[in-house]
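Chains A and B are the protein sequences, given in the same order. Per our numbering, the first sequence starts with residue 1, numbered consecutively. Per our numbering, the second sequence starts with residue 1, numbered consecutively.
Be a bit skeptical, because a hint or two may be false.
No farther apart than 30 Å at their CA atoms in a straight line, the calculated lysine-lysine pairs in the BS3-like style are these [unchecked claim]: (1) B:Lys103 to A:Lys213; (2) A:Lys213 to A:Lys158; (3) A:Lys216 to B:Lys103; (4) B:Lys235 to B:Lys37; (5) B:Lys235 to B:Lys70; (6) A:Lys213 to A:Lys228.
If we take Cβ atoms under 10 Å as the criterion, some of the chain A residues that face chain B in the derived model are [claimed, not checked]: (7) Glu38; (8) Ser172; (9) Gly200.
Hints are computed from structural coordinates only; laboratory data are not their basis. Just so it is clear, CB atoms sit at the ideal spot from N, CA and C, and this is done for glycine as well.
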Amino acid sequence: MTSAISIRDMLVSYEGFPALDGVSLDVGVGESFGIVGESGSGKSTLLRAVSGLTSFSQGTLTVNGRSYSGRRRDKEFYQTVQMVFQDPYGSLHPRQTVDRLLLEPLVIHGFDNIEARITRALDEVGLGSGFRFRYSHQLSGGQRQRIAIARALILEPKILLLDEPTSALDASIQAEILNLLEQARRDRNLTFVMVSHDLGVISHMCERLAVMKTGKVVETMPAEALEKREFSADYTRQLLVASEGFRRG
Amino acid sequence: MTVSTSPLLTVEDLRVTFPTRTGEVNAVRGVSFALGKERLGIVGESGSGKSQTGRAIMGLTPGHAKITAKKLAFGDRDLLAMPKSERRALRGKRIAMILQDPKYSLNPVSTIGRQIVETLKTHEKISTAEAKSRALAMLEAVQIRDPERVFDLYPHEVSGGMGQRAMIAMMLVCGPELLIADEPTSALDVTVQLEVLSILDKLVAERGMGLIFISHDLRLVSSFCDRVIVMYAGKIVEELPSADLAGAQHPYTRGLLNCLPTIGTDRHPLPVLDRKREWAL
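Chain A with its partners taken away, still in its complex shape:
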């Protein structure tokens, strides 16, 4: 298996507190990889450290055969790796139209055919050109998340980092967004790294997953192991029980 992302002994600390404590992971090309854990387990920090939003102080990061360190990422990195965030209300610029939001990455990376690309990006996420000159406050949560996905896909990346992309959405909207992401992955042969606290979502979307706790990877396993309950860590069992809903007694 060739690796799209390879992480070795990554360490991130905030004022001495180890948010990531020696994490090692390999995500294959074209794979969909899930990360689960409760808040504070370091799952979002891991994505932020990969994308260069947070600096990591020790360890190595290799993306598509190139090594990166600290916070420095070049343009080529961002053309390969794009990210979708949890809160669709907080991740779009409130004073920019959808058109402007989608235009900016294209201009930065010197793409041609801008008109056609914006139209195609909107079509692909199922919004159509009627949404092109709206502001984000004129959109619903699900529509905003579609724009965030369009913005990530417009640079034709190879790897998508998804940080709880549906946890702020209603269950019915969640299904639509998950289907959209799966379709995009099939069409473009993307690699996904998806963070979620919902084991159901992860087992639906991912082939393999890592369980994180207190900044460490507790275990890594194929998604089918969840169904067959073939896991060793007690913490994984706790998460699984929690995902099954409330039981009396």
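Given the coordinates of chain A, work out where chain B should sit on it, guided by the hints.
Here is chain B on its own, set in the frame of chain A:
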């Protein structure tokens, strides 16, 4: 579940309307139900009017909104006709409400203990010492291990799960007859959710109160409540016992049940809700 002859709460044709610059928004459009000493779940997506229903019962609807109902009665007392002072006396004493996020709904500049004591002293004539001992007992009842310490902590000094337990303590300390829980665990971690729910479950059972559990999570609600009301666009589209959830008739309820990804099922793509215009009529 037994429903006594005069129900704890009667809601008949409840409507909540917000005037806006672009006309009236009808958040709740004719909701009716009766509640005894049972657990009732209200489910729906954002904008379905589920929270506004709860807030109207509690009397927390913003002042500019218009509330009408053929009947909105707590026992045999008309909630809409009574003066504000009586409503205030009821609120927190006999009807209590747990809100979603302890980070925003607890007073940030007052310690947890002081907030619980405040509730007690507002509604009962008791000494400070007695109020304190009851507050501590209540913190213990919500399984806070070191009540003395937590009593003196500020809300920002405790975790979300702990904050939510403190809120449950604060709401139950006066022994309400009706508890409205509006997404009480949505802001909490999955592993903490179950702990908080089981505490809530135990206290509701022990102290014998009516519960309205408002949530967007149909599965969670059905595992927790005796009866479920499903709301869509401000109306009740279906009402059924939790046990019969699998036999739900309305396409919206069925859609909500179907669209959740679960472990061990392989459905690609996931079925999505096909919203029919007539549902909202």
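Taking the least C-beta to C-beta distance, is Gly200 (chain A) closer than 10 Å to chain B? With a minimum Cβ separation of about 5 Å from chain B (threshold 10 Å), the hint on Gly200 (chain A) holds.
Does Lys213 (chain A) sit within 30 Å of Lys103 (chain B), going by the straight-line distance between their CA atoms? holds (23 Å)
Would you check the hint for Lys213 (chain A) and Lys158 (chain A), treating anything up to 30 Å between C-alpha atoms as holding? Holds, at roughly 28 Å.
Would the hint linking Lys213 (chain A) and Lys228 (chain A) be met if the CA-CA limit is 30 Å? It holds: about 22 Å lies between the C-alpha atoms, which stays within 30 Å.
Less than 10 Å between beta-carbons is the criterion; does Glu38 (chain A) satisfy it with respect to chain B? holds (4 Å)
Check the hint pairing Lys216 (chain A) with Lys103 (chain B) against an upper bound of 30 Å on the C-alpha distance. Roughly 27 Å separates the two Cα atoms, so the pair holds.
Verify the interface restraint on Ser172 (chain A): the C-beta must sit less than 10 Å from at least one C-beta of chain B. This interface hint holds because 4 Å falls under the 10 Å limit.
Distance restraint between Lys235 (chain B) and Lys37 (chain B), which requires alpha-carbon spacing of 30 Å or less: holds (23 Å)
Holds or violated: Lys235 (chain B) with Lys70 (chain B), Cα cutoff 30 Å? holds (15 Å)
In this structure, none of the earlier numbered hints is contradicted; all agree with it.
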